[in-house]
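As given, the protein sequences belong to chains A and B, one line each in that order.
Numbering-wise, the first sequence is residues 1 to 168 according to the working numbering.
Numbering-wise, the second sequence is residues 1 to 404 according to the working numbering.
Where hints are given, some of them may not hold.
Selected chain B positions facing chain A (Cβ under 10 Å, derived; list incomplete) [claimed, not checked]:
#: 1; residue: D52
#: 2; residue: K62
#: 3; residue: I125
#: 4; residue: Q186
#: 5; residue: I246
#: 6; residue: G250
#: 7; residue: V258
#: 8; residue: P259
#: 9; residue: D263
#: 10; residue: A358
#: 11; residue: Y361
#: 12; residue: D403
Since the hints were derived computationally from the structure, they do not count as laboratory data.
Glycine included, every Cβ here is placed at the ideal spot set by N, Cα and C.
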Amino acid sequence: MKEALLDKAAVVNGLAEHPAVKALTTASDEWKPEWFVDAKYDRNELTVTVEASRIRAAARTVQAAGYNFFEDMTAVDWFPSEPRFQLSYHILSHQYKEHIRLRAFVAEADARIDSIVPVWPSANFYELEVFDLFGIQFNDHPNMVRIMMPEEFEGHPLRKDYPVEGYR
Amino acid sequence: MTTRHILEAPIAEGAHDQHMIVNMGPQHPATHGVLRVVVELDGEIIVRLYPDLGYLHTGIEKTCEAKFYHQVVPLTDRVNYLDPLSNNLCYSLAVEKLLGLEIPAKGQYLRVILAELSRLNSHLIWLGTHAMDIVALTIFLYTFREREDILRLFEAVAGQRMMTSYIRIGGVSMEPPIDFFERVDQFITRLPESIQEYENLLTGNPIFRNRLKGVGYLSAANAVALGVTGPPLRASGVDFAVRRDIPYSGYEKFQFKVPTSNDCDCWARYEVRLIEMYESIKIIRQALDGMPEGASYTADAPKIVLPEREKMKTQMEALIHHFKIVTEGFAVPAGEVYQDIEAGHGQTGYYVVSDGTAKPYRVHMRYPSFATLQALNTMCAGRMIADAVAVIGSIDIVLGEIDR
Numbered sequence: 001m002k003e004a005l006l007d008k009a010a011v012v013n014g015l016a017e018h019p020a021v022k023a024l025t026t027a028s029d030e031w032k033p034e035w036f037v038d039a040k041y042d043r044n045e046l047t048v049t050v051e052a053s054r055i056r057a058a059a060r061t062v063q064a065a066g067y068n069f070f071e072d073m074t075a076v077d078w079f080p081s082e083p084r085f086q087l088s089y090h091i092l093s094h095q096y097k098e099h100i101r102l103r104a105f106v107a108e109a110d111a112r113i114d115s116i117v118p119v120w121p122s123a124n125f126y127e128l129e130v131f132d133l134f135g136i137q138f139n140d141h142p143n144m145v146r147i148m149m150p151e152e153f154e155g156h157p158l159r160k161d162y163p164v165e166g167y168r
Numbered sequence: 001m002t003t004r005h006i007l008e009a010p011i012a013e014g015a016h017d018q019h020m021i022v023n024m025g026p027q028h029p030a031t032h033g034v035l036r037v038v039v040e041l042d043g044e045i046i047v048r049l050y051p052d053l054g055y056l057h058t059g060i061e062k063t064c065e066a067k068f069y070h071q072v073v074p075l076t077d078r079v080n081y082l083d084p085l086s087n088n089l090c091y092s093l094a095v096e097k098l099l100g101l102e103i104p105a106k107g108q109y110l111r112v113i114l115a116e117l118s119r120l121n122s123h124l125i126w127l128g129t130h131a132m133d134i135v136a137l138t139i140f141l142y143t144f145r146e147r148e149d150i151l152r153l154f155e156a157v158a159g160q161r162m163m164t165s166y167i168r169i170g171g172v173s174m175e176p177p178i179d180f181f182e183r184v185d186q187f188i189t190r191l192p193e194s195i196q197e198y199e200n201l202l203t204g205n206p207i208f209r210n211r212l213k214g215v216g217y218l219s220a221a222n223a224v225a226l227g228v229t230g231p232p233l234r235a236s237g238v239d240f241a242v243r244r245d246i247p248y249s250g251y252e253k254f255q256f257k258v259p260t261s262n263d264c265d266c267w268a269r270y271e272v273r274l275i276e277m278y279e280s281i282k283i284i285r286q287a288l289d290g291m292p293e294g295a296s297y298t299a300d301a302p303k304i305v306l307p308e309r310e311k312m313k314t315q316m317e318a319l320i321h322h323f324k325i326v327t328e329g330f331a332v333p334a335g336e337v338y339q340d341i342e343a344g345h346g347q348t349g350y351y352v353v354s355d356g357t358a359k360p361y362r363v364h365m366r367y368p369s370f371a372t373l374q375a376l377n378t379m380c381a382g383r384m385i386a387d388a389v390a391v392i393g394s395i396d397i398v399l400g401e402i403d404r
């Protein structure tokens with residue numbers, strides 16, 4: 001296991017040749033390096049935090065850098081701290097044979113983020129699931145409806161303030 | 001009865017006079033569980049199709065957050081109940097990555113043997129039910145005959161036929177019985193002949209061929225865009241398998257081929273899975289022959305791995321560790337990991353977030369069927385309704401892992 005690099009400066013120096021780091025630190029028509037907020041390389045996994053409002057541009061940038069396969073996305077609820085929701089996108093590269101994790105944080109007061117369905121259509125069900133279970137809205141999603149719970153269900157079960165058992 | 005959302009305005013504009021909505025499921029046998037497929041039909045041709053999920057949603061990810069790390073293992077069995085050991089393996093690997101735990105080579109080999117048996121189990125059920133959906137009823141009885149042998153092996157090793165929970169964090173739950181490897185050997189010696197028998201029954205069968213050839217076309221670009229993984233991805237010509245390309249649990253030590261096909265149809269998926277079964281046998285054979293020497297199958301981590309029964313009764317430290325693990329679990333260093341493996345249906349991944357306590361802060365399960373279902377419309381649109389049955393069978397879904 002390689003040594004952990006725990007902040008942005010260490011990752012940008014230590015992994016300068018990494019295709020995703022390279023793409024995200026280079027300005028392009030769509031991407032500005034200042035949207036790259038934070039990074040860490042821990043347990044052989046690269047995590048890049050980007051500005052929530054630029055998630056679609058980040059997705060396009062890593063896609064162009066060879067990370068072609070959207071594998072998974074989900075949210076983590078850090079209640080009661082703010083920003084409350086962390087969105088984690090796991091992107092796989094068939095070419096480089098490795099994953100990267102894109103992260104974005106959204107606050108509870110304005111729990112919404114751009115949908116990445118225009119970049120990867122496979123994100124469709126995953127975004128519906130996060131919407132259903134965490135109550136995070138996705139801008140420009142083609143059909144924002146509950147996928148797991150019934151339509152008239154109240155609340156979002158995977159939020160930390162939703163009890164595991166008993167009545168609400 | 002609750003109203004479901006997906007029916008909203010499903011009929012294309014201007015087609016209200018000609019098109020009809022038909023529900024397949026949730027109790028339709030061809031949907032392999034409680035999947036509801038809403039189909040918009042023009043005569044017998046599928047115009048559009050929507051999978052409607054959630055009938056089996058149990059909130060298993062929420063339950064995980066209230067359990068100790070080691071208590072989550074039995075929950076993972078129940079997600080994909082046809083491939084239980086792969087789930088155990090994936091979760092255990094993820095937590096071991098968080099803990100920085102190394103498993104002895106002997107334990108890794110045992111895990112590989114079990115994961116491959118589990119894949120064979122999954123493929124056998126797929127073959128039986130898929131062929132039964134189409135025409136060939138007999139084959140179901142044949143594949144379940146071999147599956148029974150696998151379940152007996154699972155029972156021998158774990159004491160359980162389906163919900164094994166055998167692969168644990170830090171190793172396996174107990175040593176396999178003395179004659180276990182011999183029995184596996186006998187089984188895999190017998191199995192190629194049985195697979196040959198299935199091929200004799202199906203490959204030349206003109207009805208089976210015509211129902212699958214050219215049906216459910218999914219191009220490589222669409223497969224990647226729609227998140228398809230596993231055998232359907234390789235049947236669309238994308239040469240990627242986690243076992244070979246991002247090896248885990250010692251898979252880099254084994255020689256095996258990854259079958260691909262450029263036909264992109266249901267027949268290609270059938271062929272790819274059959275070859276995969278032969279390759280699994282090869283891997284098990286190599287693991288049996290090359291089983292490394294070593295004292296133990298489990299990692300040397302007394303605060304994480306439960307002690308052996310005998311030690312617990314005779315040694316005070318072992319008893320204390322046992323008591324501590326059972327009553328208060330073990331703390332896992334804070335961090336997040338994503339571990340994925342190649343399970344029978346495709347890429348399974350576990351995303352585990354730890355906040356440094358003895359319970360996982362968040363466990364997210366990425367299961368292949370959930371993503372593959374998004375490609376259903378692409379594969380079925382423009383085809384006859386009977387083809388939808390063949391396509392649903394060919395992508396090999398388990399509703400437990402879709403709804404979780």
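| request: Go through the hint on B:I125 and say holds or violated, using the shortest Cβ distance to chain A against 10 Å. | output: violated, 24 Å
| said: Let's test the interface hint: is any C-beta of chain A closer than 10 Å to that of B:D263? | reply: Violated, because the Cβ-Cβ distance from B:D263 to chain A comes to roughly 20 Å (cut-off 10 Å).
| said: So, as I understand it, the hint says B:K62 touches chain A; can you test that by seeing if any CB pair is closer than 10 Å? | reply: Since chain A brings a Cβ to about 6 Å from B:K62, closer than 10 Å, the hint holds.
| query | Any CB of chain A closer than 10 Å to the CB of B:V258? | reply | At about 12 Å, which exceeds the 10 Å cut-off, the nearest Cβ of chain A leaves the hint on B:V258 violated.
| query | Any CB of chain A closer than 10 Å to the CB of B:D52? | reply | The hint holds - B:D52 has a Cβ within 10 Å of chain A, the shortest such distance being about 9 Å.
| message | Quick check on the hint: B:Y361 CB to chain A CB, less than 10 Å? | response | holds, 7 Å
| message | Just to be careful: measuring from the Cβ of B:D403 to every Cβ in chain A, is the smallest value less than 10 Å? | response | holds, 7 Å
| query | How about B:A358: closest beta carbon in chain A under 10 Å, or not? | reply | violated, 16 Å
| query | Would the stated hint for B:G250 survive a check requiring a Cβ distance to chain A of less than 10 Å? | reply | Violated. Min distance 15 Å.
| said: Can you verify the interface hint for B:P259: is its Cβ closer than 10 Å to any Cβ in chain A? | reply: Not OK, violated: B:P259 not within 10 Å of chain A, min 17 Å.
| request: Against chain A, run the beta carbon of B:Q186 and see if the smallest gap drops under 10 Å. | output: Since chain A brings no Cβ nearer than about 36 Å to B:Q186, farther than 10 Å, the hint is violated.
| Hint status (Cβ of B:I246 to nearest Cβ of chain A, threshold 10 Å) | holds, 6 Å
Of the numbered hints listed earlier, those contradicted by the structure are 3, 4, 6, 7, 8, 9, 10.
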